[in-house]
Amino acid sequence: MLLELDAVSKEFPTRGGPPARVMDRVSLDVRAGEFMAVLGPSGCGKSTLLQMAAGLLPVTSGTVRLAGRPVTAPPPEAVYVFQQYSRSLLPWRTVRDNVAFATEHRVGRKRARAAAEEPLAQVGLGGFGDHFPWQLSGGMQQRVAIARALAAEPAMLLMDEPFSAVDALTRLDLHALVLEICARRSLTVLLVTHDVEEAITLADRIAVLTPRPTTVAEVIEVGIDRPRDPVATRELPRFLELRHALLDRLMTRHG
Amino acid sequence: MDITRRTALAIPAALAAPALRAQSLTKMRVSVIPVLDVAPLHAAIREGYFAAEGIEIDTSTTAGGATGLPGLVAGQFRVVFSNVVSIMLGAREGLDFRFVSGASKGKDGPPDILALLVRKGSGLRTGKDLEGKRMASNTRNNIVWLRGMAWVEKTGGDWRRVTTVEVPFPQMADALAGGQVDAAIFSEPFVAAALETHGDRLERIGWPISETEPGGTNAQYVAMADDLARNGELFDRFARALHKGVDWVNEWAGQPALLELISAFSRVPLARLQNTALPAYPKGVTPAELDTLVATMQRYGLTGRYPASASLIHRTARV
Amino acid sequence: MRRPSSGVWLVLGLLALWEASARLGWVDSTNWPPVTEVVGALVRDSVTGELPLRVGGSLYRMFAGLLAGGLAGVVVGLGFALVPMLARLFGVVVELLRPIPVPAVIPPLVLFLGLDDPMKITVVALTVFFPVLTNTLQGVRAVEAEALAMGRTFGIGAWRRAVFIVLPACLPYILAGLRVALGLALVVTVVAEMIAGEQGVGNYLVVMQFAGRAPEMYATVLLLAALGYALNRGFVALEHRAIRWWFAMGR
Numbered sequence: 001m002l003l004e005l006d007a008v009s010k011e012f013p014t015r016g017g018p019p020a021r022v023m024d025r026v027s028l029d030v031r032a033g034e035f036m037a038v039l040g041p042s043g044c045g046k047s048t049l050l051q052m053a054a055g056l057l058p059v060t061s062g063t064v065r066l067a068g069r070p071v072t073a074p075p076p077e078a079v080y081v082f083q084q085y086s087r088s089l090l091p092w093r094t095v096r097d098n099v100a101f102a103t104e105h106r107v108g109r110k111r112a113r114a115a116a117e118e119p120l121a122q123v124g125l126g127g128f129g130d131h132f133p134w135q136l137s138g139g140m141q142q143r144v145a146i147a148r149a150l151a152a153e154p155a156m157l158l159m160d161e162p163f164s165a166v167d168a169l170t171r172l173d174l175h176a177l178v179l180e181i182c183a184r185r186s187l188t189v190l191l192v193t194h195d196v197e198e199a200i201t202l203a204d205r206i207a208v209l210t211p212r213p214t215t216v217a218e219v220i221e222v223g224i225d226r227p228r229d230p231v232a233t234r235e236l237p238r239f240l241e242l243r244h245a246l247l248d249r250l251m252t253r254h255g
Numbered sequence: 001m002d003i004t005r006r007t008a009l010a011i012p013a014a015l016a017a018p019a020l021r022a023q024s025l026t027k028m029r030v031s032v033i034p035v036l037d038v039a040p041l042h043a044a045i046r047e048g049y050f051a052a053e054g055i056e057i058d059t060s061t062t063a064g065g066a067t068g069l070p071g072l073v074a075g076q077f078r079v080v081f082s083n084v085v086s087i088m089l090g091a092r093e094g095l096d097f098r099f100v101s102g103a104s105k106g107k108d109g110p111p112d113i114l115a116l117l118v119r120k121g122s123g124l125r126t127g128k129d130l131e132g133k134r135m136a137s138n139t140r141n142n143i144v145w146l147r148g149m150a151w152v153e154k155t156g157g158d159w160r161r162v163t164t165v166e167v168p169f170p171q172m173a174d175a176l177a178g179g180q181v182d183a184a185i186f187s188e189p190f191v192a193a194a195l196e197t198h199g200d201r202l203e204r205i206g207w208p209i210s211e212t213e214p215g216g217t218n219a220q221y222v223a224m225a226d227d228l229a230r231n232g233e234l235f236d237r238f239a240r241a242l243h244k245g246v247d248w249v250n251e252w253a254g255q256p257a258l259l260e261l262i263s264a265f266s267r268v269p270l271a272r273l274q275n276t277a278l279p280a281y282p283k284g285v286t287p288a289e290l291d292t293l294v295a296t297m298q299r300y301g302l303t304g305r306y307p308a309s310a311s312l313i314h315r316t317a318r319v
Numbered sequence: 001m002r003r004p005s006s007g008v009w010l011v012l013g014l015l016a017l018w019e020a021s022a023r024l025g026w027v028d029s030t031n032w033p034p035v036t037e038v039v040g041a042l043v044r045d046s047v048t049g050e051l052p053l054r055v056g057g058s059l060y061r062m063f064a065g066l067l068a069g070g071l072a073g074v075v076v077g078l079g080f081a082l083v084p085m086l087a088r089l090f091g092v093v094v095e096l097l098r099p100i101p102v103p104a105v106i107p108p109l110v111l112f113l114g115l116d117d118p119m120k121i122t123v124v125a126l127t128v129f130f131p132v133l134t135n136t137l138q139g140v141r142a143v144e145a146e147a148l149a150m151g152r153t154f155g156i157g158a159w160r161r162a163v164f165i166v167l168p169a170c171l172p173y174i175l176a177g178l179r180v181a182l183g184l185a186l187v188v189t190v191v192a193e194m195i196a197g198e199q200g201v202g203n204y205l206v207v208m209q210f211a212g213r214a215p216e217m218y219a220t221v222l223l224l225a226a227l228g229y230a231l232n233r234g235f236v237a238l239e240h241r242a243i244r245w246w247f248a249m250g251r
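Residue numbers (the UniProt record's numbering), protein chains in the order written: chain G, 1 to 255; chain C, 1 to 319; chain F, 1 to 251.
Here chain G stands alone, though its shape is the one from the complex:
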C-alpha cells in the first residue's frame, strides 16, 4: 500500500456558525503502481482530498500515510500536478528552467537544467526548452507541468483535474501521454476528475464520491487490459458498461 487515507475528515471554519464539514471519514488505499481515479460531482471536495493527500492542506481528523509514514508536509515521493497549469508555471522562466525548478534546489542549477532535457523529450517538447510558457498552447503548457513533475522523479503523481482546461482532442493526446509515461515509469497515480470517460480510460480503480459531506460511495475495478489506447478503449463493451453505470450514479436525476 503506497498511499493510505484513514478516516480523513475536513472542516472549514465559517463566519459565526459551526465549522462546515466538507469531508466525512474518507478512507482510501492506493496500491504501489496503481492508477486510481477519484470521481465525483463538482464541488464535492475532490481537490481538498487531493491536497490533503499531498500534504498541502492539514486534515481535521484522520491520517494520511505515504509508504507507511504519516503525511504532514509535502513528501518528496509525491508531486502534485495542478489543474491551472498556467498559474503553476513561472512565466519569467523558460520551459527548461521551469522543469529545472523542480530539482535545482537539491542538485544545483546546472545539473537541474541538464536533467530537464529527458522529461521534456518524454512529453514531446524536446525542442521547446528555450521557449517561454506563454509562447505555448494550453496542452503544451500542461505537458511542461507534467515534465516538471517527472523531473522530481516521484513515486507518485497527484493529479488535480489536469486535463479539464484543454480541448477534447488535446485531452486525448494527453491521455495517451499519461498512459505511456505511467507504464514506462511504473508510477502510482491518484487522479481527481469529474470526467467519467477519462477515469475509465486511465484508471485501474475508480473511487466514486458522494456530494458533501463527501464520503466514498464505492470503489469500482475497471478491469480493462493494458496497454490501452485512448481511442480504441472507448469502444470496448466494458468501457460502455462502466460509463453507463457511473454516469447513472453521478447524475442527479435519481435524486
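These are calculated hints, taken from the structure and not from any lab test.
Fair warning: there could be bad hints in the mix.
To be verified - A short, non-exhaustive set of chain F residues, derived as facing chain C with CB atoms under 10 Å:
(1) Val102
(2) Val105
(3) Pro107
(4) Ile195
(5) Gly197
(6) Glu198
(7) Val206
(8) Met208
(9) Met217
To be verified - Pulled a few chain G residues facing chain F out of the computed Cβ check, cut under 8 Å:
(10) Leu56
(11) Thr72
(12) His105
(13) Gly108
(14) Lys110
(15) Phe132
Yeah, the Cβ is synthetic: ideal placement off N, Cα and C, and Gly gets one too.
The hints should help you fit chains C and F onto chain G, whose structure is shown.
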C-alpha cells in the same frame, strides 16, 4: 562652483604658506546668504587668507537664511551669517549666540542697501500714505522689516496700520508692479534689479536706513558660546582671516575687482552690480549700536528681556 | 526618419508662444525671458561644465536614494507579506507616516543628518520607500496560490520560495512603484538641494533666482523637464526588458 573655489583657495595658500601644504586644514562650515554683505568672506577665501590661517571654509548657501541659526544651534555650522534682528531674537530666547564679527551696516547717507519702492503714479510718498496699504517684506521680524517700520513711523505713519506681506526678494518687483502689494522694502541687489527692469513703473520713495538711523547695523557673523569657549584660538584665526577679507574689500571699493568678486559668488550680472549700492563692511559690533537696535526692536513690538549687549560680543568682534 | 508626432508639434507650438509672449511684451517681466535666451543660458553653463557637474551630483543623490528607498520598500513589503506578525506590529506606523509630505520632514531631518548627502539621500529614500512598499504588498497579494503550492510540492523552502517565486512575480508591481517613485525622487532631490548646501541643480536654481538671472532659472526648469522625461523613457525601456513576460502576457 565647489571645485573652482577649492582650487582658488589652494593656489594662493601654496604660495603664501608652503609649510601648511602638508598640514591638513581645519574645516569650518559657514552658513551664508547669497548677498552683497558676505563679500569679505568670499574675498578671504579667494585670496587664501583662511588657508593661511589653516582653515578651509565650506560655505553653505541658504535661501533667506531659514536654516542658518537653527543649524548653528544644531551644530550643523560653526559660524552663521545672519541679520542682527534674528540674532537678537534668538538671544532673547536664551540661545547662546555670540558675535564673532561684524558683517554689514548702512552707510551714513544714501544710497542705502535698502530702499522703499512703490508704483509710479500711486501717489504714495510717506508712511502716512501707506496706512491701510499692503507692504512687502522678505520676512517679518527681521532687519529689513524693522527698518521699514521705522521709516513708516519717521514719515508720519502708524506702523501698526501697515499690513506686512511676506514676499521673497526675487518675486518682489513683479508683485509690486502687478499690484499684489502697494509698496515693498527691497534690499540690494534687488533694488538695482527692480529699477533696471521695472524702472518705467516703479520708483523709490525712501531710504529706510539713512532716513531713520544713519549707519545702522545690519548683519553679523555669530557662533555658539560653548564652541568659542573651547576653540577660542580657532575663532581668533577665523576672525583674523575674515578681517583681512574686509580690508581687501575696502581697499578695492569702487573698483571693478570688487564687483567681479561679488559677481563671481552671487552670480549677479556685473552690469547690474555697477548700479548697486554696497553696505559698509565693519569688523566689529559695539554694545552701543546693539542697544540702539534693541530699543528699536522694543518699539516695534519685538518686546522682551534681551541679554546685556556687551555680554554677547566675543573678543574677535570688539574692534 | 519618422514624422514628428502631434505631441512634438504641440511642444514646439508652446515654445513658440513662449518666445513670442516675451519678445512682443505680452508678458512684461524680467522673470519671463524669451526661450531663446533660456536656451542660450543652458548652452553657456553646459559648455563651462557647471551644469553637467551639478546634474551629475543631483542624479547621484537621486539614484542613491532610489536604490536605498527601493530596496527598503521591497524588503519591508516582502517582510510584511510573508510574516503577518510584522505587518500587525508595524503596519499602523507605516500608515501614519505615509501621508506626511516629505518636504515637511526635511527640517527635522536636517537636525539629525545635517545638510549634506546623508540628509538629501534619506529624503529621497523616504519618498521612494512608500510607493515601492505599497506596490510590493499589492504584488505579493497577486502571486498565484498555485505557484506557491507548486514550490511546496517540490519541497522548496520558504526562503527560496520568497526569492524565486514571490519576488519575480511581484517584480512588475515593484517596477510600477519605482516608476512612480522616480518622478517624485527627482522633484524631492531638487527640493532638498534648494534648502541648503552648495551642490546640485536645486542650489543652482536658488542661486540664480537670488541673482535675478531668470534665463538661467528657466534653463534649469527646462533641463529638469527634459531630464524627467528621459529618465521615465529610459525606465520604461528597462522595464520592458526586465519583465518581458508580463507585457507578453498582456497584463
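Hints and how they fare:
1. Val102: violated (16 Å)
2. Val105: violated (14 Å)
3. Pro107: With Cβ-Cβ at 8 Å, under 10 Å, it holds.
4. Ile195: holds (6 Å)
5. Gly197: Since the shortest Cβ distance to chain C is 6 Å, the answer is holds.
6. Glu198: holds (6 Å)
7. Val206: holds (5 Å)
8. Met208: holds (6 Å)
9. Met217: holds (9 Å)
10. Leu56: Holds, because the Cβ-Cβ distance from G:Leu56 to chain F comes to roughly 5 Å (cut-off 8 Å).
11. Thr72: At 12 Å from the nearest chain F Cβ, G:Thr72 fails the 8 Å test, so the hint is violated.
12. His105: holds (5 Å)
13. Gly108: This interface hint is violated because 13 Å lies over the 8 Å limit.
14. Lys110: With Cβ-Cβ at 16 Å, over 8 Å, it is violated.
15. Phe132: holds (6 Å)
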